[in-house]
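Asker: These are the residues of each chain, in order.
2 protein chains.
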Amino acid sequence: MAGSGAAAQRLTRKGMATRRRIVEGAAQEIRERGASGATLDDIRGRTATSKSQIFHYFPGGKEELLLAVAAREAERVLEDQEPHLSDLGTWSAWQDWRDAVVRRYEQQGVNCPLGVLITELGRTTPAAQALTRQLISQWQKALRTGIQRMQDNGAVDRGLDADRTAAAFVAAVQGGVTILMSTGSTTHLEAALDTALTLLRSAA
Amino acid sequence: MAGSGAAAQRLTRKGMATRRRIVEGAAQEIRERGASGATLDDIRGRTATSKSQIFHYFPGGKEELLLAVAAREAERVLEDQEPHLSDLGTWSAWQDWRDAVVRRYEQQGVNCPLGVLITELGRTTPAAQALTRQLISQWQKALRTGIQRMQDNGAVDRGLDADRTAAAFVAAVQGGVTILMSTGSTTHLEAALDTALTLLRSAA
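First to last, the protein sequences are chains X and Z.
Using my numbering, read the first sequence as starting at 257 and increasing by one per residue.
Using my numbering, read the second sequence as starting at 257 and increasing by one per residue.
The following block holds chain X by itself, in its conformation from the complex (with noise of 0.2 Å):
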């Protein structure tokens, strides 16, 4: 994701696996240890590759390659709303979408990967900033794809602001996760989907 792309483009498809495996198992030893807590010696161990390779493919060291495994975190947030989040064109699929989204979160815990990698990054840096705009800016569209799927096939009133309406999903889930990482709980997350499920099938 940001910043990736240009780079991944000079890769031939054996660096660019060599790159994912770097990232996979940075990812995978952050979730253990903590960002703060992995280091590139670990990295380099778990992921069988020489310092070379790590600085070949992350130039800019440890902040780098952090922002590589945040930006694939990112990814993974969506990931783990398919197949359902591609596929909102009924009421059952927008209910298999939510009950997915509560298990997710309910295994995730208090923990969040992507928010101790952007805590580590520091919140309020650009490159923080363009990735959680990012994940937020295509979480959304795929949202509002889904609600004007419901307004073409006639189960939606076409005067819901689709976009708005999205955008109000998208904090209904951060909300509810946020407070489930404080409490343990799935209860808010829970009620703020279902109070938005619950406003967009009463606009039909």
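Be aware that one or more of the hints could be misleading.
[What the hints assert, rightly or not] What follows is a list of derived Cβ distance ranges for each label pair:
#, chain 1, residue 1, chain 2, residue 2, range
1, Z, Trp347, X, Gly345, 33 to 43 Å
2, Z, Pro382, X, Thr268, 48 to 58 Å
3, X, Glu362, Z, Asp413, 25 to 35 Å
4, Z, Gly415, X, Asn409, 26 to 36 Å
5, Z, Arg287, X, Asp298, 34 to 44 Å
6, Z, Arg276, X, Arg359, 31 to 41 Å
7, Z, Gly410, X, Thr346, 53 to 63 Å
8, Z, Arg276, X, Asp336, 44 to 54 Å
9, Z, Lys397, X, Leu267, 49 to 59 Å
10, Z, Arg276, X, Arg414, 34 to 44 Å
[Unchecked claim] Partial chain X-side listing against chain Z, Cβ under 8 Å, derived:
#, residue
11, Thr388
12, Gly415
13, Ile435
Don't read these hints as lab results, they were simulated from the structure.
In this text, a Cβ means the ideal position worked out from N, Cα and C, and glycines have one as well.
For chain X, the structure is supplied; the task is to place chain Z on it using the hints.
Answerer: Showing chain Z alone in chain X's frame:
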């Protein structure tokens, strides 16, 4: 709030005033310098108190003081929503509350004083969790009372689950503010609040 009740009861009126002055001064210092940047010496200087006074009121030292400041910032989250939050008996009061919340967080921008303190104390520590839970619970209760008043005066259907809808409102604000802290924009906060309000209005 959390943990301060028993200690405060043993203080004289003058002692309570001194304790409050230390907490308010420390809150100001932390808002300016961050929780790790503000030293006990800075706080002593700003509040014109001695080392022994600080340790008299906060025997646990800086950590105990940070917790008291976090409790004060949590109170302020609710205070800043007044007089609207305690007056949610009409639609115009709900609209005024919604506008006050957006304005409050727009002014606050990307830095959340309470969030900074909770991060410094350790989000998953029992003390920080107790404090967060209490804030969420008080906030939800105030909103639930408002929804029940709307039900009592016939503006909202009694079939609506007041507590669950209040939970959705709290999550909506939390999510909108979290996104605002990353993007600098109130778009999601406003969309989330308006969606929750639309649901409330549609349950007439």
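Asker: Each of the hints needs a verdict: does it hold here or not?
Answerer: Verification of the supplied hints:
no., hint, in the structure
1, Z/Trp347 - X/Gly345: 33 to 43 Å, "35 Å, holds"
2, Z/Pro382 - X/Thr268: 48 to 58 Å, "51 Å, holds"
3, X/Glu362 - Z/Asp413: 25 to 35 Å, "30 Å, holds"
4, Z/Gly415 - X/Asn409: 26 to 36 Å, "28 Å, holds"
5, Z/Arg287 - X/Asp298: 34 to 44 Å, "37 Å, holds"
6, Z/Arg276 - X/Arg359: 31 to 41 Å, "45 Å, violated"
7, Z/Gly410 - X/Thr346: 53 to 63 Å, "36 Å, violated"
8, Z/Arg276 - X/Asp336: 44 to 54 Å, "46 Å, holds"
9, Z/Lys397 - X/Leu267: 49 to 59 Å, "55 Å, holds"
10, Z/Arg276 - X/Arg414: 34 to 44 Å, "55 Å, violated"
11, Thr388, "4 Å, holds"
12, Gly415, "12 Å, violated"
13, Ile435, "6 Å, holds"
Going through the hint list in order, the structure does not satisfy hints 6, 7, 10, 12.
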